[in-house]
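Protein sequences appear in the order of chains U and E. Numbering of the first sequence is given in this note's numbering, commencing with residue 1 and proceeding in unit increments. Numbering of the second sequence is given in this note's numbering, commencing with residue 1 and proceeding in unit increments.
One thing to keep in mind: the hints can contain errors.
Heads up, simulated DSS-like pairs for lysine-lysine below, C-alpha to C-alpha not over 25 Å straight-line [stated by the list, open to error]:
1) K66/U <-> K185/U
2) K66/U <-> K240/E
3) K5/U <-> K76/U
4) K240/E <-> K76/U
5) K66/U <-> K238/E
6) K5/U <-> K185/U
7) K76/U <-> K238/E
8) K134/U <-> K238/E
9) K134/U <-> K76/U
Worth flagging that the hints you see were computed from the coordinates, not collected in a lab.
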Amino acid sequence: MIELKHITVDFGKRRILDDISARLEEGCITAVMGPNGCGKTTLLRCIGALLEPTSGTAEIDSRRVKEYSARELAQKVAFVRQQVQTDFEFSAFETVLMGRNPYQRRMQNESQADWDIVERCMKQTGTWHLRFAKPGEMSGGEMQRVMIARALAQETPVLLMDEPVSNLDIAHQLEIMRLLGGMDKTVVIVIHDLNLALQFCDRLLLIHDGRMLYHGDMAGGLTPENIQTVYGVKTHMAEDHIIFDY
Amino acid sequence: MKRDRTNRIGKADKACRAYASPWVLAGLVVLLAATMAVSCMFGAVDISLSEMTQGSNIFWDLRLPRVLMGAAVGAVLSVCGAAYQSIFRNPLTDPYVLGVSSGASLGAAVAILLGMEVYVWGVGGMALAAALLTVVLIYRIASIGNRLHTTTLLLTGVCLTLLISAVISFLMVLNQEKMESIIFWTMGSFGSSTWADVWTMLPVAAVGIGVVLWYGRDLNLLLAGSEAAQSMGCEVEKVKRVLLLFTTLMVAFAVSSCGVIGFVGLIVPHAVRLVAGPDNRKVVPYSMLCGAIFVLLCDTLARTVLRPSELPVGSLTSMVGAPLFIYLLYKNKKGL
Numbered sequence: 001m002i003e004l005k006h007i008t009v010d011f012g013k014r015r016i017l018d019d020i021s022a023r024l025e026e027g028c029i030t031a032v033m034g035p036n037g038c039g040k041t042t043l044l045r046c047i048g049a050l051l052e053p054t055s056g057t058a059e060i061d062s063r064r065v066k067e068y069s070a071r072e073l074a075q076k077v078a079f080v081r082q083q084v085q086t087d088f089e090f091s092a093f094e095t096v097l098m099g100r101n102p103y104q105r106r107m108q109n110e111s112q113a114d115w116d117i118v119e120r121c122m123k124q125t126g127t128w129h130l131r132f133a134k135p136g137e138m139s140g141g142e143m144q145r146v147m148i149a150r151a152l153a154q155e156t157p158v159l160l161m162d163e164p165v166s167n168l169d170i171a172h173q174l175e176i177m178r179l180l181g182g183m184d185k186t187v188v189i190v191i192h193d194l195n196l197a198l199q200f201c202d203r204l205l206l207i208h209d210g211r212m213l214y215h216g217d218m219a220g221g222l223t224p225e226n227i228q229t230v231y232g233v234k235t236h237m238a239e240d241h242i243i244f245d246y
Numbered sequence: 001m002k003r004d005r006t007n008r009i010g011k012a013d014k015a016c017r018a019y020a021s022p023w024v025l026a027g028l029v030v031l032l033a034a035t036m037a038v039s040c041m042f043g044a045v046d047i048s049l050s051e052m053t054q055g056s057n058i059f060w061d062l063r064l065p066r067v068l069m070g071a072a073v074g075a076v077l078s079v080c081g082a083a084y085q086s087i088f089r090n091p092l093t094d095p096y097v098l099g100v101s102s103g104a105s106l107g108a109a110v111a112i113l114l115g116m117e118v119y120v121w122g123v124g125g126m127a128l129a130a131a132l133l134t135v136v137l138i139y140r141i142a143s144i145g146n147r148l149h150t151t152t153l154l155l156t157g158v159c160l161t162l163l164i165s166a167v168i169s170f171l172m173v174l175n176q177e178k179m180e181s182i183i184f185w186t187m188g189s190f191g192s193s194t195w196a197d198v199w200t201m202l203p204v205a206a207v208g209i210g211v212v213l214w215y216g217r218d219l220n221l222l223l224a225g226s227e228a229a230q231s232m233g234c235e236v237e238k239v240k241r242v243l244l245l246f247t248t249l250m251v252a253f254a255v256s257s258c259g260v261i262g263f264v265g266l267i268v269p270h271a272v273r274l275v276a277g278p279d280n281r282k283v284v285p286y287s288m289l290c291g292a293i294f295v296l297l298c299d300t301l302a303r304t305v306l307r308p309s310e311l312p313v314g315s316l317t318s319m320v321g322a323p324l325f326i327y328l329l330y331k332n333k334k335g336l
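Please take these sequences and the hints and turn them into a complete structure.
As structure tokens, this is what we get:
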């Protein structure tokens, strides 16, 4: 279980996150939503111990994330980042295999078990046919799915995902969201598609200007009023779907 | 565009063997031994194999330490190049391009002027201090946010190199009586290698290369970016610090015994990657052996082409390396 306690983050004079406290339930998919630059990625980085909050703490299983060693934390939390970029040509298979690092000892070769896990994760994300492809040979969406496969290969109970479906076509968006729903993981996902969130996520953490506007049940939070407050966009609900009014 | 994706199915096992193949390593070792033997034979005076076994003085006192130094320094520079390219996440870096070698040569020059060459670790120690200072400077100047930008990184390296060579020229003019021995650092040569140099260099090389090999998998993770590496279980800050310390140690000692030999760390890992792929668990050990062979060949050429006079080996490696560097820059234009 993930517990956020009064997380506040300042970058210089600018306050990015202001006193966020929440308890993210185990086994749930929590969508972190809000406009660009409202601090969603920053929140994820705090949970993944990639950023030390100015004040407050993030805890996983009642232990502060900064008290974990990198290896221990990597066995608990996997992170799918927004941008991926490398000048070196690792194949997709080798990239996903890196996700097995937290379970390997130094100077030890990957085992058959590692390879099987990589194969399974690549098949789940529909990237197995790309396994020999180099970064330059893959599209943005294919690369994004390879990154999701790498995070799955870490076999962690917690999955932090920063806009994992933003580059995917509709079919693959649905496939990935369905995959996440079918797994017994605690998922914290930054997602912009309101209807996708409504359909596949259990909980909502809505951020507005660095403050937490709402945390709780998805259907109860993604209301036309909240959307108007956060995004300044008029909407109405029709048969469990959010329709934009222009 | 039809992509080549499916025709290699079934070869996954072979394609993904992560550590160096013992057969390739054995082959390279044999090749290295042969190169060393050939390199021992040629020079201002040629020695035959039978003379070697009978224990000729030229062989024991001049040729053999020189060949061993050449091999050790070649190995060290190539391994450092491979490590730098992963640490800085940039295929265009090596200790020479970033000015770390120059930094070490400045340290060595200052040590000589202060008369510190009487102590075994005097020159090497000063070279290490100056080289570490250079690394820290480059890292501080070139990192914007938590990313190192290619352009800033390379420009910083070039500027530091120019600054340092200016300081060295200044020191030489001030101390004309020691000019000869200082010029040596800036050119790079194995001409004056002694057994004492060999016995200092070999342990440094063994420990340093051992550390880089030990962190092979971490080097791969670093290529995915600091944060990605961290979230895959690599203690990024610690690993970077340890690796920079030991690689810089190796560079400092290589420079303080044979001067600045440019571009080895750039050429060798690149050539290895073309054949063996990007995995550092292969790139590092293969680079070590190929680097030793490459520098030995260059040094053998350097002392035979214009017999009886000698070319500085650094000028030979640069003549190969600089065009390659320019080619890589050209190829990477988009990334700058």
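Hint check:
no.: 1; hint: K66/U <-> K185/U; result: holds (21 Å)
no.: 2; hint: K66/U <-> K240/E; result: holds (19 Å)
no.: 3; hint: K5/U <-> K76/U; result: holds (19 Å)
no.: 4; hint: K240/E <-> K76/U; result: holds (23 Å)
no.: 5; hint: K66/U <-> K238/E; result: holds (15 Å)
no.: 6; hint: K5/U <-> K185/U; result: holds (21 Å)
no.: 7; hint: K76/U <-> K238/E; result: holds (21 Å)
no.: 8; hint: K134/U <-> K238/E; result: violated (29 Å)
no.: 9; hint: K134/U <-> K76/U; result: violated (28 Å)
In this structure, the earlier hints numbered 8 and 9 are contradicted, and the remaining ones agree with it.
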